[in-house]
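Novice: So the sequences go chain by chain: L and F. Numbering follows the numbering used here, in which position 142 of the first sequence is assigned residue number 142; successive positions increment by one, without gaps. Numbering follows the numbering used here, in which position 17 of the second sequence is assigned residue number 17; successive positions increment by one, without gaps.
These are computed hints drawn from the structure, not numbers from a lab. Beta carbons: idealized from backbone N, C-alpha and C, even for Gly. Heads up, a few of these hints could be off.
[Said to hold, decoys possible] Calculated cross-link-like contacts (lysine-lysine; reagent style BS3-like; alpha-carbon spacing at most 25 Å):
no.	chain 1	residue 1	chain 2	residue 2
1	F	90	F	187
2	F	52	L	136
3	L	136	F	187
[Unchecked claim] Label-pair distances were calculated between CB atoms; the ranges are:
no.	chain 1	residue 1	chain 2	residue 2	range
4	F	21	L	17	28 to 38 Å
5	L	216	F	11	40 to 50 Å
6	F	12	L	15	21 to 31 Å
7	L	94	F	192	45 to 55 Å
8	L	191	F	22	50 to 60 Å
9	L	81	F	174	41 to 51 Å
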Amino acid sequence: MADAFSAVDLRFSFGGQALIDGVGFGVPQGGLFVITGRSGSGKSTLLELCSGQHAPESGRVLWDGACIADLNHDELVRAKQRIGYVFQKPALVHNFTIYDNLALPLRYHRDLAERDIRATVHACMEEMGLFNVDAKYPNELSAAQSRCAAIARALVMGPSLLFLDEPTSGVDPVTARGIAGVLKGLNASRGIAMVVVCTSIEFLKGLQCPVTVLQDGKLHDYRDPAVVSAGAGDMFSLLREAL
Amino acid sequence: MKSMNRFLQLVDRLGAWAASMGKTAFDVIALFYDTVTAIFVGGKKGIAASLKQTVNQILFTGVEAFWLVGIIGLLCGITIIIQAMTTMPKFGVGEYFGNILVMVVVRELGPFFTSLVVVGRSGSALAAYIGNMRVAKELSALEMMGIDPVHFIVMPAFFAMVVSMVCLSVYFDVIAIIGGYFIAQVKVSIPFGFFMGTVLDSLRPNDIIISIFKNVLFGSIVALMSCYHGLAVTNMREVPQAALKSVVSCMIITLLINILVTFFTFFLSL
Chain L
1 MADAFSAVDL
11 RFSFGGQALI
21 DGVGFGVPQG
31 GLFVITGRSG
41 SGKSTLLELC
51 SGQHAPESGR
61 VLWDGACIAD
71 LNHDELVRAK
81 QRIGYVFQKP
91 ALVHNFTIYD
101 NLALPLRYHR
111 DLAERDIRAT
121 VHACMEEMGL
131 FNVDAKYPNE
141 LSAAQSRCAA
151 IARALVMGPS
161 LLFLDEPTSG
171 VDPVTARGIA
181 GVLKGLNASR
191 GIAMVVVCTS
201 IEFLKGLQCP
211 VTVLQDGKLH
221 DYRDPAVVSA
231 GAGDMFSLLR
241 EAL
Chain F
1 MKSMNRFLQL
11 VDRLGAWAAS
21 MGKTAFDVIA
31 LFYDTVTAIF
41 VGGKKGIAAS
51 LKQTVNQILF
61 TGVEAFWLVG
71 IIGLLCGITI
81 IIQAMTTMPK
91 FGVGEYFGNI
101 LVMVVVRELG
111 PFFTSLVVVG
121 RSGSALAAYI
131 GNMRVAKELS
141 ALEMMGIDPV
151 HFIVMPAFFA
161 MVVSMVCLSV
171 YFDVIAIIGG
181 YFIAQVKVSI
191 PFGFFMGTVL
201 DSLRPNDIII
211 SIFKNVLFGS
221 IVALMSCYHG
231 LAVTNMREVP
241 QAALKSVVSC
251 MIITLLINIL
261 VTFFTFFLSL
């Protein structure tokens with residue numbers, strides 16, 4: 001069975017400098033791949049290349065064994081329905097209620113009755129600990145609730161691959177651990193492969209998995225989960241050890 | 001040598017400006033093509049979401065502008081009716097005031113003043129709305145969900161602007177003619193039945209067709225230029241600039257289009 005995700009020799013430069021310099025990695029079905037690094041190291045850019053938002057200068061990105069550059073428009077739209085992406089900002093449609101935000105991809109891509117859409121949306125909301133927010137707008141939610149709503153929206157289509165860019169940015173450490181626990185549970189129970197970019201040590205500790213560091217355009221180190229959870233009291237120490 | 005260098009610099013800048021205008025025109029035409037094809041490509045997909053966006057835009061562009069268009073229409077109507085009824089009889093052409101009202105209000109002022117209101121209110125707001133969505137990554141989120149932003153935002157805005165322009169322009173004409181008549185009774189006295197009979201006798205199908213044609217064109221231009229400038233935003237600083245560019249470009253283009261249409265209808269004797 002093909003990997004859920006593969007990146008082969010990705011290269012991308014910005015302002016004349018190589019930001020991503022020959023990066024390659026694979027995530028098996030149901031796998032979890034975590035990338036960390038200093039600010040400005042290109043983590044978000046790497047995730048954008050992996051999710052097809054930008055085209056790499058060279059290299060290939062494969063979702064479920066299919067190179068996304070080779071897909072035509074309709075194939076790419078169908079492929080995007082099997083992946084989810086959580087942005088660094090919640091990126092919820094600001095003039096739609098939370099319910100309508102989560103229901104949007106279902107209304108666009110699935111021929112479901114409204115009661116089935118409601119059931120799916122509410123199930124995802126409950127999974128992310130969101131209650132009584134259906135009629136609220138994104139600006140009425142707390143930072144943690146917005147993050148959870150964004151993750152719930154990414155889960156609503158039942159993806160097999162999830163990209164998460166700093167899913168706990170602006171969230172307190174306790175909530176960050178909680179979100180990590182939920183994602184870890186989804187990864188284990190539903191077999192959703194995940195590629196996560198984060199710089200939160202609490203989130204990393206909550207994920208309990210190897211960590212890869214992006215530095216100078218290359219992926220450098222795999223950190224033993226025991227080292228991540230036991231030592232390195234802060235992200236600076238972790239990065240200093242790794243680099 | 002210095003003047004030659006300055007001349008070459010000027011030519012260089014003119015060339016760069018012309019190339020930039022050409023690229024903008026090409027991009028807007030491409031956006032128009034994508035907007036029109038989105039209707040047929042999308043099919044039933046997301047029709048509920050698109051309809052909701054369309055209704056919201058009609059409410060904002062059309063319904064909420066009623067009071068402003070009404071006031072401008074009334075003031076225009078008063079001015080034109082008073083001038084027509086007091087000045088024209090002095091030149092022995094008093095019986096043609098109906099024709100003047102139809103030509104000036106229905107064909108020219110209705111579409112033009114309505115477009116100014118829509119550009120100022122809705123064009124700038126639409127450019128800022130889309131620009132903010134771009135900065136907040138909402139458009140990227142839609143693309144990652146396999147939802148085309150042109151289908152979700154541009155197409156509903158396009159339809160809403162065209163429908164609102166046509167309806168507001170008709171409303172402007174009615175308020176200008178009828179409302180202006182009642183206020184103008186203070187200065188000139190003329191039976192309402194005679195007044196309306198003269199105006200309706202002067203109103204030909206061509207006048208209505210040309211008015212609707214202009215409104216459809218203006219609504220399309222406002223929607224496309226506003227969406228284009230909003231989609232071109234890359235950071236927060238550019239959002240107010242996009243709103244301003246949208247207003248300026250829409251006003252210039254609608255004025256040019258208005259003159260061209262008037263010019264051609266005159267030559268074709270429509």
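Novice: Compare the structure with each hint and give your call.
Specialist: Each hint, compared with the structure:
{"no.": "1", "hint": "90(F) with 187(F)", "in the structure": "16 Å, holds"}
{"no.": "2", "hint": "52(F) with 136(L)", "in the structure": "17 Å, holds"}
{"no.": "3", "hint": "136(L) with 187(F)", "in the structure": "55 Å, violated"}
{"no.": "4", "hint": "21(F) with 17(L): 28 to 38 Å", "in the structure": "33 Å, holds"}
{"no.": "5", "hint": "216(L) with 11(F): 40 to 50 Å", "in the structure": "45 Å, holds"}
{"no.": "6", "hint": "12(F) with 15(L): 21 to 31 Å", "in the structure": "25 Å, holds"}
{"no.": "7", "hint": "94(L) with 192(F): 45 to 55 Å", "in the structure": "49 Å, holds"}
{"no.": "8", "hint": "191(L) with 22(F): 50 to 60 Å", "in the structure": "52 Å, holds"}
{"no.": "9", "hint": "81(L) with 174(F): 41 to 51 Å", "in the structure": "49 Å, holds"}
Checked against the numbered hints above, the structure violates only hint 3.
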